[in-house]
Amino acid sequence: MPFATPPVPPTPSPDGEDVEEGIGVAPGVAIGPVYLYTGGAYQADPDHLEPNEIAGELDRFERAVARSERELGKVVTVARQKLGPDTAAIFDAQLLILRDQQFYDAVIRSIREGGIGAGWAVQKILEGHQRRMEASPSLRLRERAGDFLDVQNRVLRNLQQGRAISRIDEHHIVVAQNLTAADILMFSRRGVLGCVMDLGGPTSHVSIMARALGVPTVVSLHELTGLAHSGDTIILDGFSGRVVVGPTTETLARYQTKADRFARIQADRADVVAAASETRDGHPISLQANIEFREELPLLDEYGAKGVGLFRSEMQFLAQGTALDEDQQLEVYRDVVQAASPHSVTIRLLDLGGDKVLPFGRREPNPSLGWRGVRILLDKPDLLRPQLRAVLRAATNHSVRVLVPMISDIGEIHGIREAIQTTRGELASEGIACADDVALGIMVEVPAVALMAESYAKDVDFFSIGTNDLTQFTLAVDRGNDLVAGLYRELHPAVLGLIQHVATVAADAGITVSVCGEAAGDPRIVPLLIGLGVTTLSASPAYLPMVKRVVRALTMDEARDLADRVLHQPDADAVRRLLDEFLASHNQDLAALLGLDGASEPAPA
Amino acid sequence: MIVREASRFQAEFFIRKDGYEINGKSIIGVMTLAAEQGSTLDLVFDGPDEADAADALADLFEQGFGEPI
Numbered sequence: 001m002p003f004a005t006p007p008v009p010p011t012p013s014p015d016g017e018d019v020e021e022g023i024g025v026a027p028g029v030a031i032g033p034v035y036l037y038t039g040g041a042y043q044a045d046p047d048h049l050e051p052n053e054i055a056g057e058l059d060r061f062e063r064a065v066a067r068s069e070r071e072l073g074k075v076v077t078v079a080r081q082k083l084g085p086d087t088a089a090i091f092d093a094q095l096l097i098l099r100d101q102q103f104y105d106a107v108i109r110s111i112r113e114g115g116i117g118a119g120w121a122v123q124k125i126l127e128g129h130q131r132r133m134e135a136s137p138s139l140r141l142r143e144r145a146g147d148f149l150d151v152q153n154r155v156l157r158n159l160q161q162g163r164a165i166s167r168i169d170e171h172h173i174v175v176a177q178n179l180t181a182a183d184i185l186m187f188s189r190r191g192v193l194g195c196v197m198d199l200g201g202p203t204s205h206v207s208i209m210a211r212a213l214g215v216p217t218v219v220s221l222h223e224l225t226g227l228a229h230s231g232d233t234i235i236l237d238g239f240s241g242r243v244v245v246g247p248t249t250e251t252l253a254r255y256q257t258k259a260d261r262f263a264r265i266q267a268d269r270a271d272v273v274a275a276a277s278e279t280r281d282g283h284p285i286s287l288q289a290n291i292e293f294r295e296e297l298p299l300l301d302e303y304g305a306k307g308v309g310l311f312r313s314e315m316q317f318l319a320q321g322t323a324l325d326e327d328q329q330l331e332v333y334r335d336v337v338q339a340a341s342p343h344s345v346t347i348r349l350l351d352l353g354g355d356k357v358l359p360f361g362r363r364e365p366n367p368s369l370g371w372r373g374v375r376i377l378l379d380k381p382d383l384l385r386p387q388l389r390a391v392l393r394a395a396t397n398h399s400v401r402v403l404v405p406m407i408s409d410i411g412e413i414h415g416i417r418e419a420i421q422t423t424r425g426e427l428a429s430e431g432i433a434c435a436d437d438v439a440l441g442i443m444v445e446v447p448a449v450a451l452m453a454e455s456y457a458k459d460v461d462f463f464s465i466g467t468n469d470l471t472q473f474t475l476a477v478d479r480g481n482d483l484v485a486g487l488y489r490e491l492h493p494a495v496l497g498l499i500q501h502v503a504t505v506a507a508d509a510g511i512t513v514s515v516c517g518e519a520a521g522d523p524r525i526v527p528l529l530i531g532l533g534v535t536t537l538s539a540s541p542a543y544l545p546m547v548k549r550v551v552r553a554l555t556m557d558e559a560r561d562l563a564d565r566v567l568h569q570p571d572a573d574a575v576r577r578l579l580d581e582f583l584a585s586h587n588q589d590l591a592a593l594l595g596l597d598g599a600s601e602p603a604p605a
Numbered sequence: 001m002i003v004r005e006a007s008r009f010q011a012e013f014f015i016r017k018d019g020y021e022i023n024g025k026s027i028i029g030v031m032t033l034a035a036e037q038g039s040t041l042d043l044v045f046d047g048p049d050e051a052d053a054a055d056a057l058a059d060l061f062e063q064g065f066g067e068p069i
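Read top to bottom, the protein sequences are chains C and E.
Residues 1 to 605 (my numbering) make up the first sequence, in order.
Residues 1 to 69 (my numbering) make up the second sequence, in order.
Wrong hints could be hidden among the right ones.
As the list claims (entries may be wrong) - Pulled from the structure, derived: some chain E residues nowhere near chain C, Cβ distances all over 12 Å:
1. A11
2. K25
3. E50
To be verified - Under 10 Å between C-beta atoms, here's a sample of chain C residues computed to sit facing chain E:
4. S136
5. R140
6. R144
7. D147
8. F462
Note that these hints are calculated values from the structure, not bench results.
Here a beta-carbon is modelled for each residue, glycine too, at the ideal position from N, C-alpha and C.
Use the sequences and the hints to build the structure in full.
So, in structure tokens, the structure goes:
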């Protein structure tokens, strides 16, 4: 388990500790030695190989080249679609350099005959070519010298990565400037205690992955890589977002208690997973999982999810830079549907645009208000049609719901409904099995939709509230913008009022309403959402046991009373205080873990 | 461009200049050669589709191929 305590007792720092505030994106408390995972400057060292190391080095080189080739292949595809053939040609040339027989043979020869390390050989050989290009009388060739440097950096990075990773084990906390989702997946397989990053935000892909895999993670620490050294003892608190480098004996003891408490909560998780998800007075609350990769599917049972409340189909798309074809999508959806069976799966149609980079389209001055979500789908039948076909086919004999992102106009619902009908007709005439009907729902993330929920309730089968965008649009705050991010408050009474309105309308119309943003996985906010009338919560699987503990600790009347009081508060800070008090009075263990018991430390703003 | 075009054919392709020879399917070779501009080149093809390869590459050279690769 990533939450285990390290086998070696950590050493307290004699000369003071560094406490840094970041954003906790995956829960857990970890204490252990730092492994500084660096990118950036790729400089090889001249190492000499023993004869028995040569075969391994050749293999390491080949894997680094293969990995570089895959990366470049992806870059070429994206560049061709997004930037045009001229830019793509640059990367295409790099791909040719990478697989050039002359270069390849020279490196192999240096390793095999000269006993020279792969990194040093690559650097020497490509530097030589680069210098020859720089000396050319032709401007065009001089400009190409940089290609050799780019290839060199790429191969060296991949060589170093292979080496660095083999040194990381389950006692480490990885500290890096930036990590990718693939990095987190790899570290999780090596069983690291946790990850800490200088960059990143709570909704970035890497954070979602860390949550999904249950790797305690704190992001957005700015300069931490400059403060921490490999081997330093570090404390990571994935709840408060706090990181302590070189903790004192006192701090260590305090966090050890916290880590033990978390371990205890983890230990009796099996009981919670098996228990019914209902309030103390017997009101059922449906707990579902947000999923984006097939790798996460085993987590459904592990964390007791009753179905998939949000399958983000765009992640497959973004990972390879182009849409999967119908059959590829079908294969993915079938896996998801089968893993969730007999519970339902809600597939959100491609939610592109906004902060998600598009391989087509152009730069927009204001992308979050631009061409995104359903607006793209209705303009691009070549994206919508194969997806609808795959969804309808996967839905045969299964409970599948279709969720439409970024609705802002009722006509968009009609457009999607028509497309579904047409697609069903096509499949039927081709004799391909598909579902007779699928439930159709919308993301409520634009205030206009929330305010007019009555009209929409007549046309759709369910509402799913996207708290991130709803907050950003209601408060006119771009949370990715550091200058104003402090104004982004999902607990703002204005946002909560909209949620209550949507929930009330849904209850009157007899349709389900769920929340599938991060708020649904936050034990502090869950009582409020239930009190506001939300009946389904969908969160990253790792959060569900905690959410269920909270659900089982309260009664519906208490939750409604909390919601009433909250809606009369003037601002988000006052709301936060009420929520903290509520949780502290209902689940002390959880509240203490979140730093709300007053004994440990104040909760971060 | 030369490299991509030449790689379409099975025939081996060498470019000779001032007594030395480079592999015409190697981008590094071609770029190294091009780095020292302005001299006479011999193109040598050897393989089952050598005639087609020679025609295609000759066309490319005659068009001036706008790009040194």
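Would you list, in rising numerical order, the hints stated earlier that this structure does not obey? Those not satisfied are hints 2 and 8.
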